[in-house]
Each structure stands twice: as C-alpha cells, then as structure tokens.
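Put the two chains together into one complex, using the hints given.
So the sequence lines, in the order shown, correspond to chains A and B. Positions 184 to 359 (my numbering) are the ones given, in order, by the first sequence. Positions 24 to 359 (my numbering) are the ones given, in order, by the second sequence.
No lab work stands behind these hints: they were computed from the structure. Glycine included, C-beta positions come from ideal geometry on N, C-alpha and C. Just so you know, not all the hints are guaranteed correct.
Said to hold, decoys possible - Label-pair distances were calculated between CB atoms; the ranges are: (1) A:Pro308 / B:Asp190: 32 to 38 Å; (2) B:Asp182 / A:Asp191: 55 to 61 Å; (3) B:Ala77 / A:Ser335: 25 to 31 Å.
What the hints assert, rightly or not - Which residues of chain B face chain A? A few of them, derived with a C-beta cut under 8 Å, are: (4) Leu67; (5) Glu287; (6) Arg317.
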Amino acid sequence: MRTGREDDERAQVEAAQRDPTRFAELYEQNFYRIYAYILRRVADRHQAEDLTADVFREALAGIRNFEFRGVPFAAWLVGIASRLVADHWKRSGREAGSPAMDHQAAVSPEIERSTILFQLVYRLPDAQFRVIHMRFVEQKSIREIAQQLGRSEGAVKQLQLRAIESLRAQMEGSHV
Amino acid sequence: MSDRSDRALSEQLDQAIDTMLAGAAHTASADATFAALSEIAGTLRDLPDARFKARVSRELQPEFPRRTPMTATSIESNVSTFAVILTITPFVCIPEADKLIEFMKHTFDAEESGRHPHGPDGFVASVRIGDSDLIVMGGESLRGTECPAALHVYVKDCDTTYQRALDAGAVPLGSAGTGEPADRPYGERAAFVSDSFGNYWFIATRFGPDYIGIGLGHVTPSLLPSNTKVRPLIDFLERAFGARVEGLYENAGRIVHAFIRIGEAMLEMGEADETGLRPFGFYMHTDDVDAVYRSAIAAGATSILAPGDQPFGERLAIFQDPAGNRWFAAKRIVAG
Numbered sequence: 184m185r186t187g188r189e190d191d192e193r194a195q196v197e198a199a200q201r202d203p204t205r206f207a208e209l210y211e212q213n214f215y216r217i218y219a220y221i222l223r224r225v226a227d228r229h230q231a232e233d234l235t236a237d238v239f240r241e242a243l244a245g246i247r248n249f250e251f252r253g254v255p256f257a258a259w260l261v262g263i264a265s266r267l268v269a270d271h272w273k274r275s276g277r278e279a280g281s282p283a284m285d286h287q288a289a290v291s292p293e294i295e296r297s298t299i300l301f302q303l304v305y306r307l308p309d310a311q312f313r314v315i316h317m318r319f320v321e322q323k324s325i326r327e328i329a330q331q332l333g334r335s336e337g338a339v340k341q342l343q344l345r346a347i348e349s350l351r352a353q354m355e356g357s358h359v
Numbered sequence: 024m025s026d027r028s029d030r031a032l033s034e035q036l037d038q039a040i041d042t043m044l045a046g047a048a049h050t051a052s053a054d055a056t057f058a059a060l061s062e063i064a065g066t067l068r069d070l071p072d073a074r075f076k077a078r079v080s081r082e083l084q085p086e087f088p089r090r091t092p093m094t095a096t097s098i099e100s101n102v103s104t105f106a107v108i109l110t111i112t113p114f115v116c117i118p119e120a121d122k123l124i125e126f127m128k129h130t131f132d133a134e135e136s137g138r139h140p141h142g143p144d145g146f147v148a149s150v151r152i153g154d155s156d157l158i159v160m161g162g163e164s165l166r167g168t169e170c171p172a173a174l175h176v177y178v179k180d181c182d183t184t185y186q187r188a189l190d191a192g193a194v195p196l197g198s199a200g201t202g203e204p205a206d207r208p209y210g211e212r213a214a215f216v217s218d219s220f221g222n223y224w225f226i227a228t229r230f231g232p233d234y235i236g237i238g239l240g241h242v243t244p245s246l247l248p249s250n251t252k253v254r255p256l257i258d259f260l261e262r263a264f265g266a267r268v269e270g271l272y273e274n275a276g277r278i279v280h281a282f283i284r285i286g287e288a289m290l291e292m293g294e295a296d297e298t299g300l301r302p303f304g305f306y307m308h309t310d311d312v313d314a315v316y317r318s319a320i321a322a323g324a325t326s327i328l329a330p331g332d333q334p335f336g337e338r339l340a341i342f343q344d345p346a347g348n349r350w351f352a353a354k355r356i357v358a359g
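Looking at chain B on its own, in the form it has when it is part of the complex (with noise of 0.2 Å):
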C-alpha cells in the first residue's frame, strides 16, 4: 500500500471511530477491508480498562502473609519450588538510547558489547560496566512508554566518577547538596545524580580493603516503589522468585532499604520520595519461562504477554508487578 492510501486509510478509519464514539453504530462500507477494521474498532468500544483489570486482581489476592522469620530448612523447601533464575539485567529503555550510552562510557568506562536492530527506528545494545551488564534499547518509537533504570555503580573513586557524570550532563540527586560525594553511615562513599534521560545513579566507593559491596557487582540494579508499595513488593519478589531478602533497614516501621537475592542475582531496594518516579524493566534470564510466569501471575502479577517462542531465538514472557515494574523473563531457545 502506498503511503498516500495508508494515510487516507488512517484519516477514514478514525473519522469512523469517532462517529463509532459518538454513539453510532459502526459503519456499513462495501469496501471489505475498511469493513473489516471497522468491524474491529466497533468491538473495541467494549474494551475493558487494563486500570480496572489490574485493580480488580490486586483486590483478589488473600491478605499478604505475615512472613516469618526464614530457617535455612524453609529457604531451601521454598526456593525449590522455583525455577531457576540465573540472571536479571536491568532494561533500559528511552528513545535517546544512543546518547546514554555515551554517557555510560564517558562515566563509567562502559562497552557496548553489542548492538541488534529492533523495530521500525530502534536498536538493542547490551552494555557492560565492569563485570555488570545491562540492556539498553533505543528508538523513536520508546517515545512515550520510557522506561528508566535506578542503578547502584562501585567505582574505584567516588568524586572523580561524580565530576565525570556532571561533565556528561547528570545533576545530583536531592536538594542541599544531599547528593554530592559524602561519606555514608553504611560504610561508603556514594553521591547520587540523575543523568539527562531520567535515569537514577547511585556512585559509590565502599570503605575497606575492596570498593565493591561484598556479594555484589559492579552494577546493582535498584527497586524504587513508592512508600505504600515497598511491603507489597517485597511479599510479591518472595512469592513470584523464591526472593530472599538478606539486609533489611527499617526507620519509624518503614523500609528505607533493602537487599534481596533472586536466584544469582542481587537488587536493592529503597523507597522513592518522588511520587512521579517511573518503575523500571528487568530482563530476567531464567531456565523455565513458563514456570516464571505462571508463578508471577499467581502472586499478583498481571500479563502483558503470555509465554510465547518470538523470532528472535527467545521464549518470552512479559508481566507487571504490584509496584508497576516490567519484567521480561526469557530463555534462549535457538543458539547464538
């Protein structure tokens, strides 16, 4: 079809979902396609809102249970029942992925490890900071449906990795200077910033013999819920994954941070002071797709793409958790 008759076709269509909107029946035309499509919009009147279904699934869920204290016996009953979760890598995902990963080298010495098309305008780039990697997708397309990461990044000096993420761009984090270079009351020297695409940096330098955490990368992917969804997500990461949470800080009853295992994998998790904050994407690499899904579903999930073998070489499936983040659990089933 031309380009011409598409946007003719466009232009029809919506006047006749207008009309539809208005309160019209769906309109009669002997032209079998644009039939055809108006036959489809007229059903998708009835469409029911995706903020009612999710509503409605939360309210269905039995009260979160009280969670008692973890033996190793029950650690061990409770991750068995899970499939095996090898990885999870943040997804990043903003239109101007190129710029970002400009940022990523100029700060933090990242490598592009590699690059695949993706859609009409858009790429795939997996990147690596240290021994950490990340995905990050790019495009046009993105525009509208972003979707930023919070990450937490040791680095050998904590000042001079802050300076840099300023030259590239970022601002610190917080009012009063509450987010440049300071030593922490949890053994480190860390400076948050924001970089221009939205995303949260966390930099830091851990006192002691090593700058890294220990048990961690170089690269900790960060959970951000806002405050009433802290508990709920916490109870969701444990029910979905087999989540364990193994470093628990709480002030006043709240949940200020957190450090929960999922399988090999380690995130953090704090509570976001900023109502606007976007929830973020995790691509979870796990050797059962489908397992990883209908347990999620069962915890509270909800669908945004059932299990299925895309073309790309992976089985995929995509849900939503209570907080609102995206997880893309895959497994490759074709090699390369």
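Bound conformation, chain A alone (with noise of 0.2 Å):
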C-alpha cells in the first residue's frame, strides 16, 4: 500500500515528467539530502557544489526516463550523485580511497538530521537566519557581521545564540 507522502511524490515527479518547469518542487525537496550526501564524500564545498548542480542537471535531463520502481524518488537522485562523486574521485585519481557508495547511506539518521536542520535554518526570522548564514556559510567573524548589519557584536552573538536554542528546539521536536 502506498502511503500519501509517496502519491504525492508520485504526482509530483509525473507532473514534471509533463512539465519540466514542475521540476523546480522536487529540486526544492531533494536539495538539501543531496548535498549532505554528497559534502561527506567529498573534500570542500565547491566540489560539493559543483556535483549537486550536476546531479540535478542529470536528473532535470532524464526525469521522462524515470519509473517508480518501488524506491522513493530520493534514492534516483542519490544513485545518480553516487555515480558523479565515484566519476570525480576517478578523475582524481584516487579512486581506492574513494568512500563507500551504498545508496543505503542517503537514508542515513546523520543526513536525514542534517536535511531537517538545514530546511530548518531557511524558516528562521530574517535576523536570524542572516547572522547563521554570514557566520557559517560566509564564515565572517562576529565583528564582520555586526558591521554590515549595523548591529552590536553582543547583539548579533544574541541573534547567533537565539537562533541555535531556536534550532536545537525544533529538532527534538522533530524527533530525528
């Protein structure tokens, strides 16, 4: 029997198969799990961000192609950002250190909480979520921050702190 999160799947992935400007839902959904998949195999961001774009450039390409075949969605994408990220470490020549490329790891209780935590992140109030992204993405210094939002240092370490506690609430809340 399937469960309503895989009709809705389901007619989400048929209706871009349609209309591929109906992609944009599943790139929404997916992005986050693919890029946690693919930033532990690889060695920094810009690798990461270069193989998730292609993932789904790969997936937009040859999603008439796609059949449910008893896996979710998810676990197409995944097998597509294995197959990239094994490509990369063979161009790099170290194919024999190259980690493991299970699809069973995107469905890992690590990744799953970081999807959560980063979906998470993007529903912060606008403040909040300006200091996490200039803190850590940015990696800007407290003082940086506090200068281009014209706010104290003590104030944006608020923001920082407040958002975190926020996080960190809403993950046990999530129970994952």
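Written out as structure tokens, the structure is:
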C-alpha cells in the first residue's frame, strides 16, 4: 500500500515529466539531502556544489526516463550522486580512497538530521537567518557581521544563540 | 535564564563556533544544554550557501517560453488554473516605521487604521492613502533587513503634494531636476522623490476629468527589477500567478514600463537604473496559500517559508521571486 507521501511524490514526478518547469518542486524537496550526501564524500564545499548542481542537471535531463520501481525519487537522485562522486574520485586519481557508494547511506539518520536542520535554518526569522548564513557559510567574524548589519557585537551573538536554541528545540521536536 | 548567564552562554557558544570554524571538531562538554547547542553548530558548518541553491534553481528552469499574444480564450484558460488572488498590498519594513507613517500623514493625508505589536520591539500597522492600503512594519530588529517600496500615488495637485513631501524631508530623484513636477508624455503631471527611509514616491496627477489613472487606485505599487530581470520577472508573474500584461512600453527593445494585472490587483513595472536598489515586499491575500506557493516555486521562486498556520491567525507562505522581491501569501484562518 502506498502512503500519502508516496502518492504526492509520484504526482510531483509525473507533473515534472509532463512539464519540466514543475521540476523545481522536486529540487526544493531534495536539494539539502543530496548536498549533505555529497559533502560527506568530497573534500570541500566547492566540489560539493559542483557535483550537486550536476546531479540535478542530469536528473532534469533524464526525468522522463524515471520509473517508480518501489524506491523513492530521492534514491534515484542519490544513485546519480553516487555515480558522479565515483567519477569525481576517478578523475582525481584517488579511486582507492573513495568513500563507500551504497545508496542506503542516503537515508542514514545523520544525513536526514542534517537535511532537516538545513531546512529549518531557512525558516528562521530573517535576522537570525542572516547571522547564521554569514557566520557558517560566509565564515565572517562576529565583528564583520555586526558592522554589516549595523548592530552591536553582543546583539549579533545573541541572535546567533537564539537561532541555534530555536533550531535545537525544533530538532528535538522533529524526533530525528 | 538571567541576562548574565544568557550573555555567558552566548559568549561560550561563540568561542566554540570560532574553534569549529578554524577546523576543530565540535567541543565536548559535560553541560548537556551547551553540548546540544554545540552539536547543532557543528552541523551548521555544512550548511549550503543559499546563493548557490538559488543559482542552481534558476539555472534548472527551462528557457522562458516565448510569449504569444493572449486571446480572450487563452487568458480565461490560463487564469482558471490559478488560485484567486484578491489583493496585493505593499509591505514596507523599516526600523523607523513611526517616522515613515508621519511622513505619509504629512504628505498624503494618510490614515493609520490599525497597529499591532510584532516581535520584541516592533509593530505592524495598516495605513491607508485614499482608497489604497499599505502594511508598514517597524522596529529595531528589522535593521539590516529593510524592505522599502516604490509607490505611484495619484493626488489632486502634484505640485502641492511634491512640496509637502520636500517639507517632510524627501528629496527629488534623478539629476538636473528630472524629479521635479513636470508634464509627462504619458498623460500625467508627475514628480519623483525619495523619502528619508529609502522609499520611492511617484507623485502624479492625471490629466483629464479624474486625477487618478483609469482602472487604478490612489496607490499602485511598483516593481523595479534590474534591466536583466525585467523579462524574467514578467514571465515569472505570468506563470506563477496568471498575471496579465495590460500595458507594455518598450524602447530600443527594452521594457521601460508595464502595467501588470494579478487577480484584482494592478502593479507597475519599470526598469531600475540603480544597481543598488533593493527589492520590495508584497503582501498577497489569496483564497489558497498552498496553491499560490506551489505555483510560485514551480515558476522559479525560492522558498523562504513553506505554507503553515501562524499563531496570529493566518495561513502564510513566503517566497522570493527571481528578481529578489519577497511575496507574503496569506489567508485569514480565524475570525478577527
């Protein structure tokens, strides 16, 4: 028996197969999972970004060929990611040292936890989101963020604390 | 938690984050609260770049389809697939909202019809100019995330209102007097000013029996995308909301002005001549927030907040269009 979630996903995939503009919904739902999967298998953010973009480009190009065979759409994306990561390591001449390529890793609790956390970050109040993004992604110092936002350094640290406390509370509520 | 221990925790956590960002593993601690926060921070080191995510999203959008002239039939069939959009209201967010409302009262005889607290130090106010509503959000917590507006306001006497705007601190836009009141070739006497808070005001008196443009209200919100975003933004509005272009003025192949109808609402669009101009905010009242959100995401919007019931009695979704404007799609879910 299929669940409502599976039915929703099937409907979204079929919509994207008919009209590629609908692929955006699948991208939104799977971006963080694929990025988290790849980031654990490559050396840095830039490689992870390049490969993540490649996964979705390839998925969009091949969406009409996708068929449901008892696995979620995300597993198909992870299959593409796994192959592209393997190709990446081969090109780097480091095949022997490449991480495991099993698709099951895509649904590991660790990756699911990262996926949910990243989604929650983007729902933070705007000021908190900006502080978290500047601190962790842009790797700016508290002083630089304070100058950019026109706030005191103490206020920025408080925003950072509130954001992380909020994320922690929501993560505990999500039972992952 | 006391202010002192709160400050101590924020300092301790920040030091741990500094250490993590320098490449160390997240800090072990016997304090369960700190350990949990530190673990979250450790995972945040892998947070993807929002700009990258948006860039790929845009790249994955198929070529914008060439628009074909819309016949009455195609308009009907197009509109019927979209949720009903009842109103689109400019949503202005600036810390000094109190002063902005005073400016609007002084210049345009605006009336504040309601005000509610919002956040630790802010408020949301409903302001009316003539027959048109605006939402103004204020408070220090908005600093750094301001969202101004560009508004076309019809008044009985352009010159008098222009002078009132200057008296209240506004300055003319453009150089060499181009913002001062003048008869414009499109049938209006108009002046262009910027207030002290970064909002643009296009003050106009229509020639003819009525000083308001045909089919418009006292206030028409404007979109001012950068020149490379004009066409993509129109395409987005058409695909996301079933928008209809009702007037299009092109010069040398570039769209310099357009009227765009979305449901019952009318927007204007011009081309920004300032690269630093910030995008605007729009509050959209609809009968189906989820449908609007789905349609917008499918048309290339970036999600900021997925649809959800909010404690203030609305179902709300927030997303950003390809030109960076923020849209707040909302439906009232409880009486009030």
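Each hint tested on the structure:
1. The hinted window of 32 to 38 Å between A:Pro308 and B:Asp190 holds, with their beta carbons roughly 36 Å apart.
2. Between B:Asp182 and A:Asp191 the beta carbons are some 58 Å apart, a value that agrees with the proposed interval 55 to 61 Å.
3. The supplied range of 25 to 31 Å is met by B:Ala77 and A:Ser335, whose beta-carbon atoms lie about 30 Å from each other.
4. A cut of 8 Å between beta carbons decides the hint on B:Leu67: the least distance to chain A is about 4 Å, and the hint holds.
5. Interface hint at B:Glu287: violated, since its Cβ lies 25 Å from the closest Cβ of chain A, which is beyond the 8 Å cut-off.
6. Hint status for B:Arg317 relative to chain A: holds, with the closest Cβ pair at about 7 Å, below 8 Å.
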